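Colleague: This is what each chain is made of:
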Amino acid sequence: MSYHSFLLEPISCHAWNKDRTQIALCPNNHEVHIYKKDGNNWNKIHVLKEHNGQVTGIDWAPESNRIVTCGTDRNAYVWTLKGDVWKPTLVILRINRAARCVKWSPKENKFAVGSGSRLISVCYFEQDNDWWVCKHIKKPIRSTILCLDWHPNNVLLAAGSCDFKCRIFSAYIKEVEEKPAPTPWGSKMPFGEVMFESTGTAGWVHGVCFSDSGNRVAWASHDSTVAVAEGGKTAVCTSLTSETLPLLCVTFITENSLVAAGHDCYPVLFVYDSNKAALSFGGKLDIPKQSAQKGMSARERFQNLDKKATTDTKEAVLESVHKNSISQISILNGGKAQCAKFCTTGMDGGMTIWDVKTLESAMKDLKIV
Amino acid sequence: MSKNTVSDRFRKVDVDEYDENKFVDEEEGGENQLGPDEAEVDSLIRQGNLMGALQAVLKNPPINTKNQNVKDRAEGLVLKVLSSFKSTDIEKGVQSLDKNGVDLLMKYIYKGFERPSENSSAVLLQWHEKALSAGGVGCIVRVLTARKTV
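Read top to bottom, the protein sequences are chains A and B. Residue 182 in full-length UniProt numbering sits at position 182 of the first sequence, and the numbers go up by one each step. Residue 104 in full-length UniProt numbering sits at position 104 of the second sequence, and the numbers go up by one each step.
With the rest of the complex left out, here is chain A (with noise of 0.2 Å):
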């Protein structure tokens, strides 16, 4: 894995670009900066000053090249790459409270904007009047929405929300596709309608992904657990409680395995068997170098028992790459099917870049179904 320090403020959101040589990405404040990859070096190419409140959640589409960003000033705004320049379209979303994640639909035709409203806004771009719509969803949604995502059908979007539950709506839009197929999680699927709710976890839901497929959604939540609901006739949520502190975002790497990390600052995997529809926990994924062993003299044994009531050598220093809490996770290579890389970036101000392989290898009893 490599490790790039960008800034000593914590990253509250990344995107990349298409063929991952550009990352978006605020640093804690009002702007998004653009940098470039130039072999080891990450360059500052573009700043993206528009909004008037910290940027709290960023999409990069890759086929349109398209970014959209949206903020605690309660706006989004849409940049286009005109020349060298990235230029910005507002897009109001009518809501009265901070916006706190943004996501493309799969199509880049919409794209959802979960805020502090307790609604979700459905973007999606006008013709007629050149300008971006939205609609919204309301119901049932008691609290703020912290996650979202979309399902491979351009048509259904899971949110994670304050209110302690998952569900998956329909955010179908009439004026720009057609009636969406059946699928595992329903066949109507009308603007707004609820096409499952998570039950059984407490605890803010702090990240949501869909598998591959989107027969599948998992979800984090504060109170440590991780849950995967299957779609079906029943649709079956199995969780799993964690000895760890919460996770902060989850993905799917594969079908059937998922990396969440969160505030113990490394990544972990859980492994889904369907079969048994059982959650288990996979193992830890980041690999700490061995420090070298130095014997404590009788002085600093006395001292550390005076002090902390317990000969126990071990500093209090951590060991992971990300000296901070992992905030955000997203996949490089791969897609969630056969993920190869994936990117983590945290509080710490920096990212890493894991590779799956590296991983697998260098982790005996490290098994990606």
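For the record, the hints were derived by calculation from the structure and aren't laboratory data. Some hints could be false.
Said to hold, decoys possible - Sample of chain A residues with no beta-carbon within 12 Å of chain B, all distances over it, derived:
1. L8
2. D19
3. R66
4. P88
5. E177
6. P246
7. A362
Claimed, not checked - Have a look at the derived ranges for each label pair, beta carbon to beta carbon:
8. Y18/B <-> N129/A: 34 to 42 Å
9. K308/A <-> L34/B: 39 to 47 Å
10. G186/A <-> S117/B: 52 to 60 Å
11. E129/B <-> A202/A: 23 to 31 Å
12. A202/A <-> S120/B: 22 to 30 Å
13. D306/A <-> K92/B: 26 to 34 Å
14. R147/B <-> K107/A: 36 to 44 Å
15. D306/A <-> R115/B: 28 to 36 Å
16. S120/B <-> K49/A: 44 to 52 Å
17. D98/B <-> P180/A: 39 to 47 Å
18. G186/A <-> E40/B: 40 to 48 Å
19. S5/A <-> K92/B: 43 to 51 Å
20. D306/A <-> D89/B: 49 to 57 Å
Keep in mind that this is a model prediction, so the values were computed, not measured. Cβ atoms here follow ideal geometry from the backbone N, Cα and C, with glycine treated the same way.
Add chain B to chain A, keeping to what the hints say.
Modeller: Quick look at chain B alone, frame taken from chain A:
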């Protein structure tokens, strides 16, 4: 000045009650939850079967009930069982529990911390250490995030 400024009763109004966006937890029928069986637990303690008493006292937790007496009684009973364990047996007691049991035990431990009595905190701290090594920090996070607790 008008007469209305004399009374300050308006300061005691709980404005959150009138907030139309107020989040109300879903009601789950908790009327029949009576907590662990006192007689069963007492007899197990008297027989010296502490492992059995631990399992028995962690049954039927009064999580959904609104009856404070039931909750207090359950907490008192749990404390009695925890105090009757020998220090060396605490680890075995924790090992005999499954994941949910450890989470539930942690909830009772923190509830016990809230109202310390004579020797309760010392006993609870010993149990806390063992439960922590079994359940990890995640177990404590679940105590903090649980909306309905013992």
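Colleague: The structure should be examined with respect to each hint, and the outcome stated for every one.
Modeller: Status of each hint after checking the structure:
| no. | hint | verdict |
| --- | --- | --- |
| 1 | L8 | holds, 27 Å |
| 2 | D19 | holds, 39 Å |
| 3 | R66 | holds, 34 Å |
| 4 | P88 | holds, 32 Å |
| 5 | E177 | holds, 33 Å |
| 6 | P246 | violated, 6 Å |
| 7 | A362 | holds, 24 Å |
| 8 | Y18/B <-> N129/A: 34 to 42 Å | holds, 40 Å |
| 9 | K308/A <-> L34/B: 39 to 47 Å | holds, 44 Å |
| 10 | G186/A <-> S117/B: 52 to 60 Å | holds, 54 Å |
| 11 | E129/B <-> A202/A: 23 to 31 Å | holds, 25 Å |
| 12 | A202/A <-> S120/B: 22 to 30 Å | holds, 27 Å |
| 13 | D306/A <-> K92/B: 26 to 34 Å | holds, 31 Å |
| 14 | R147/B <-> K107/A: 36 to 44 Å | holds, 39 Å |
| 15 | D306/A <-> R115/B: 28 to 36 Å | holds, 32 Å |
| 16 | S120/B <-> K49/A: 44 to 52 Å | violated, 58 Å |
| 17 | D98/B <-> P180/A: 39 to 47 Å | holds, 42 Å |
| 18 | G186/A <-> E40/B: 40 to 48 Å | holds, 47 Å |
| 19 | S5/A <-> K92/B: 43 to 51 Å | holds, 47 Å |
| 20 | D306/A <-> D89/B: 49 to 57 Å | violated, 29 Å |
Checked against the numbered hints given earlier, the structure breaks hints 6, 16 and 20 and satisfies all the rest.
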